[in-house]
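S.K.: Sequence:
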Amino acid sequence: MTEKTWTMTQVIGHNVKTRRETQQMTAKNLGVTAGGIFGKAWPPQTVYMMEAGDRKMIAAEVAALAHILDTTVADLFTPPAEAETVSAGSLMLPAEALAAPVGGDADTAALADDLRALDRSRAEILTAVRAQEELLGNARTALRGDDLAEVDGETAVGRYMNASRAAANRFYEDKGLKFGPMGGEDDGEGK
Numbered sequence: 017m018t019e020k021t022w023t024m025t026q027v028i029g030h031n032v033k034t035r036r037e038t039q040q041m042t043a044k045n046l047g048v049t050a051g052g053i054f055g056k057a058w059p060p061q062t063v064y065m066m067e068a069g070d071r072k073m074i075a076a077e078v079a080a081l082a083h084i085l086d087t088t089v090a091d092l093f094t095p096p097a098e099a100e101t102v103s104a105g106s107l108m109l110p111a112e113a114l115a116a117p118v119g120g121d122a123d124t125a126a127l128a129d130d131l132r133a134l135d136r137s138r139a140e141i142l143t144a145v146r147a148q149e150e151l152l153g154n155a156r157t158a159l160r161g162d163d164l165a166e167v168d169g170e171t172a173v174g175r176y177m178n179a180s181r182a183a184a185n186r187f188y189e190d191k192g193l194k195f196g197p198m199g200g201e202d203d204g205e206g207k
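According to my numbering, the stretch in the sequence shown is residues 17 to 207, in order.
Hints are supplied without guarantee of correctness; some may be wrong.
Quick list of in silico lysine to any residue cross-link-like pairs, SDA-like style, CA-CA up to 25 angstroms [stated by the list, open to error]:
(1) K72 - A57
(2) K33 - T87
(3) K33 - M108
(4) K56 - M73
(5) K33 - T94
(6) K44 - K56
(7) K44 - L85
(8) K72 - F54
Think of the hints as simulated: they come from the structure by calculation, not from any bench.
Predicted, not measured: the structure shown is a model, and the values here were computed from it.
Throw the hints in and build the complete structure from the sequences for me.
M.R.: Below is the structure:
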């Protein structure tokens, strides 16, 4: 998810999914375990809907999920680094207002701020890595002579991709180089 505003349901769902995957628990196992608490197993589709933020939960379910996933309710309510604001009905809160408490002294608070900044940097690095992976795929496509897919210039990845493509085109044009299809017959001119 790349939106800067998340709903509370999306925050909890994201954290449940992240924790479930960290523990290598399947959606089916989570649903069965929840069923042991509530008397009826949740089908995997229910778990997936919850993790996508498409299923609201009651407090008892959030508490049970924290127990099942060996975490705290506060951790399930803590927005990920990429969330800047969280909506709760018509209320818009800065993500930092929902961060798990870290203690009272200034050193601990500064460390928590540093960790949040590091987590935001990690998210930005992951976005750049995804863009580079896509760029490599596009380079392979271009080397084969196939058409490149259109890029959405409105996203950070799309802007990165467009800038990278433009820089690559300028580089190859300056060198007088041209990509052609791979694996074709050699025309004897070395192009």
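S.K.: If a hint holds in the structure, say so; if it doesn't, say that too.
M.R.: Now the hints, each set against the structure:
Using a Cα cut-off of 25 angstroms, the hinted pair K72 and A57 holds, with the two alpha carbons roughly 17 angstroms apart. A hinted pair counts as satisfied when its Cα atoms are at most 25 angstroms apart, and K33 with T87 qualifies at roughly 12 angstroms. For the suggested pair K33 and M108, the alpha carbons sit about 24 angstroms apart, so the restraint of at most 25 angstroms is met. As the CA atoms of K56 and M73 are separated by approximately 15 angstroms, the hinted pair is consistent with the 25 angstroms bound.
At most 25 angstroms may separate the alpha-carbon atoms for a hinted pair to count; K33 and T94 meet this at roughly 13 angstroms. Under the criterion of a C-alpha separation no larger than 25 angstroms, the hint pairing K44 with K56 is consistent with the structure, at around 13 angstroms. Among the hinted pairs, K44 with L85 is consistent with the structure: their alpha-carbon atoms are about 14 angstroms apart, no more than 25 angstroms. Pair hint K72 plus F54 holds up; C-alpha atoms about 16 angstroms apart against a cutoff of 25 angstroms.
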